[in-house]
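Novice: Since chain X is already given, all that's left is putting chain C on it; use the hints.
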Amino acid sequence: MSDTRILARAAAIGLALAVAAGAVHAKDQVIIDLVNEPATLDPHLQWNPDSYWVYRNVFDNVVTRDNAGQIVPQLATSWKRLSDTEIEFTFRSDVKFHDGTPLTMDDVVYSVKRITDPAFGSPQLGQFNKIIKAEATGANTVKLTTDGAYPALLAQLVKLSIVPKHVVEKVGKDEFNVKPVGSGPYRLETWQRGVQVTLSRNDAYWGDKGAFKTALFRGVPDAATRVANLLAGTSDLVVTLNSDLAQQVEKSGRAKVLTVQTERVAYFAMNSFKAPLNDVRMRLAIAHAIDKEGIVEGILMKYPRVVGELVSPFHFGWADGVDSIPYDVKKAKELVAQMGAAAKTPMELATAPVYDQRVVQAIQQMLADIGLNVQIKMTDMATWLQGQQSAQDVAPMLTFSRWSCACQDADGIMFPLLHSSSAWSRVKNDKIDQLLAAARSEPDEARRKGLYGDVHKLVREEVPVIPLYADAIIYGGAKQLKWTPTPNESMFLNRMGWSE
Amino acid sequence: MGRFFLRRFGQAAIAIFGVTTLVFFIQRLTGDPTLLLVPETATKADIEAMRHTLGLDRPMIVQYATFLWDLLRFDLGRSFIQNVAVTTIIAARLPYTLALAGGALFVAFVIGVPVGVLLAMRRGKASSGGLMGVVLAAQSMPTFWSGILLIMVFAVWLGWLPPSGPGGFSHLIMPSVALGLLSMATFARITRTSILDELSKDYVRSARARGVSTRRLVLRHLVRNASIPVVSIAALEISHLLAGAVIVETVFAWPGLGLLTIQSIVSRDFLVVQAIVLLGAFVTIGLNFLADILYSVIDPRIRLDGGPS
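Protein sequences appear in the order of chains X and C.
Residue numbering for the first sequence follows our numbering, beginning at -7 and increasing consecutively.
Residue numbering for the second sequence follows our numbering, beginning at 4 and increasing consecutively.
Calculated directly from the structure, the hints in this document are not laboratory data.
Any given hint could turn out to be false.
[Stated by the list, open to error] Some residues of chain C that are not near chain X, with every Cβ distance over 10 Å (derived): (1) R10; (2) I17; (3) A18; (4) L38; (5) Y67; (6) A95; (7) F147; (8) A212; (9) L222; (10) V226; (11) V254.
[As the list claims (entries may be wrong)] Simulated restraints on C-beta separations: (12) X:I368 - C:F172: 40 to 48 Å; (13) X:S491 - C:W148: 32 to 40 Å; (14) X:S413 - C:G21: 38 to 46 Å; (15) C:R31 - X:I368: 53 to 61 Å; (16) X:F112 - C:F8: 49 to 57 Å; (17) C:F20 - X:I368: 37 to 45 Å; (18) C:R31 - X:N365: 28 to 36 Å; (19) C:F12 - X:K171: 39 to 47 Å.
Think of the CB as a built atom: it goes at the ideal place given N, C-alpha and C, for glycine as much as any other residue.
If we strip away everything but chain C, and leave its shape as in the complex, we get:
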């Protein structure tokens, strides 16, 4: 167990260092926030003055060293654009992202897993083919399109739900559905494959021979045994949800990290982008780590040290 942790921490540190370094340089190579800040009429001298105020006229390597030094002291700096501490900006957005990711995961899981079970049990039947078609359609629809479609139907025509922005629980429904549909298909497919896998195993045959009903068999035995791949996919899907949120949050004016990411990249708000990427790296690595631990909880035969089982 100890070795496992140590190795994981080592890997995480390298990954995070690599990701932040990449982001630091790529951003600075592709544009300058100063030009976006000043009015079009600004002269070269005005722009230089602004660049100096922001500290962007220093050599790149000095800026990088400062960034690393600040990072070690847990100082993420201030946004150029908003003149507010980066942590304040991110802290304001985080709850919305968590709420949306939670909502989407709920939609994906609560629809996806039962659909997967159904697909597995009815394999080869016509109804299964039709259902699979629906699942594929849900996965193939681009969110910027399905999002605006949802808004037009449920907010503008029917007037049942608020069209955009955060607010009450009703505000969370459409963005969660738009975002969750993507992962729903993944969950459905993985569940289906995994259950089919289990169905061909000996214990299933013997259970059937004992006369256990299909319903009981699926609910009591199969779902638990088939859930390991689903859990590992869930960890991956949460990172996908955070990435997919960029578009959904833009369409629904949902003030989460996805929207903040795109706004900060567009305005070259370097420090905010760096902080978001850092956070993203932490979350992804952390979730994978959690998934590994969950495996061993679900199936005690799996040992984290990777030794003989």
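The following block holds chain X by itself, in its conformation from the complex:
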């Protein structure tokens, strides 16, 4: 192709693009910059924030959490326990899908069966496979049966979207994924692949209607660019900023920082199957060497909160008064001295770009200060995950990570990180195993809380992992945007507003 023809073609495409999209910025439209475009909009098929931030506005869930974090009715108006393993939900009768068809108990039962069918291959299977039976017991009631007592069920149902049986069966999985039909406050208008998803308000919605007529979700991978968009006024809400960028937004005077502490807990894991980390003195030395307050105040600008237990205050299972192991270099050095030459064993600290590298490097320095030999090993996320879930003898010695189960229940974080049956766990402690297994199926709330309290104490004594801080999620918002971010990192358009 000659150069002139290339140029001619480019010019033609440029013109076509110009005609195709001239983004208008009006008050009745909110523009949200995500990191990437959603992967799919079938709520049963995808589990990542960029997808669910969009599709949770298109679909309703069985229950939801209010801004304070309490579980409150959404499609289900009430529920009662029939036995330890059975719970009956009463549903609204005035809900219609976007195609006008009423939402029935058939749809609810179908949705449960769809997401729990191993052949369907939902990534969320593990969140719902304790449900072994779903049956309609009346015109507006559905009974769910679990495999044993399962106290975390309600917390999980916050994430169960109800899909219309008749549409899914008619168009199939591949089509539904690009043209979803839900019952939520917004409906899918267009999906310009790679560019943006446009939702429009569902004016027939049964609940709180959105303030914006349309919402645009765009993928903007570079965080600095997201901030530039916000400051230039071409977007109204941007996600996932770090503390540096938050300061930039704050100082600009053109936009504001919207932040909340979340249920995402940052922790430092040590492989207690490998020497010298199999010695509790070594693990305790590391715990004393890490200056948690220093990290939170010096690097993270006080957005997160230091925690001494492996849950956040937003989890069921949080116990007041569990202090973090104090920063004490002198004590750490004494313990290291007791360990002798073993303390000098080279140790790899596994990390991936998604984790704040400033924190990783600070921890490396703190451990070097007490005489440990720690090397940072950075890999991409897929490789890092593979390392985390491999056998103990090849799994990394040290790991900095953050964990959210999006369920606000201790079981969702403590079981995978501490129970010896989990691929993520770097510890085998029979007492901890017993307590976690008992808490998992304890229907009595007070007793269950007590069991987790006992685990917190053991974790503080045995130090299999070091809880660091309950992280904050930081958004940037236009000055006039009214929105309260929530600890479970949800983003509901019908809870947003605009002040003139």
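Specialist: For chain C alone, kept in the frame of chain X given last:
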């Protein structure tokens, strides 16, 4: 001519086969998309179930054979992550990549070639040294930095241009400049060398003796004769532009193939990566082929068979 084509097709087939095979195995050795798809709380059994659904639990060689068989039938498969045909995903991104590559090439060519001519004509003068410095600076600036700098200045402070994303013609300007500056320097340097080369030739001396003005000499004779190396570089530069686009597209949230490449590699969306690499191989080979043909158009003395001229 026939032999030339035959040889080229043979080479292309081997190169494409080699590249796709490499990519197929390297990706699968370095990570598993299943782990990225499931929530952190998934158990080993959940992960195995997911792997089975995606067909990743089959032996590697079976997966490879399936891939080749599908390829022969022009079936590139469906994305694991997006559950959409790979061709749909790529087709949506292609126009943006072409627009950006075109814009960048325009910037590179329209600035680079005249700068090169100027550098050649003013060789040895102070102004030429200064200009060369500017060219080198343009080439040395990393695009992730120059890109964000452009955005801060022209979108945030001055408010003249949209900061990111696709849209109208104005959206194309900054990414094209950021990407084009890199190639601009290459064009300038090649043009300069090539013109200097021509200046020392006999026909130039005789033209000067006839009293032809420098301006006329450069525009009428030199540029055409000096353009052969520039054309071959253009073919190479287009492949470079496609590669450099990975960073520029990320900074400017430009939904082209570069951004798709990085997203697909990160999420181990094997089939999409394979398809992009396949496309890249085709484009590179095709462009080199075109460059060879263009040589013979510009300079009829060049014969493609490689026989005596």
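Novice: Which hint numbers doesn't this structure obey?
Specialist: Checked against the structure, the hints that fail are numbers 4, 6, 7, 11, 15, while the rest are satisfied.
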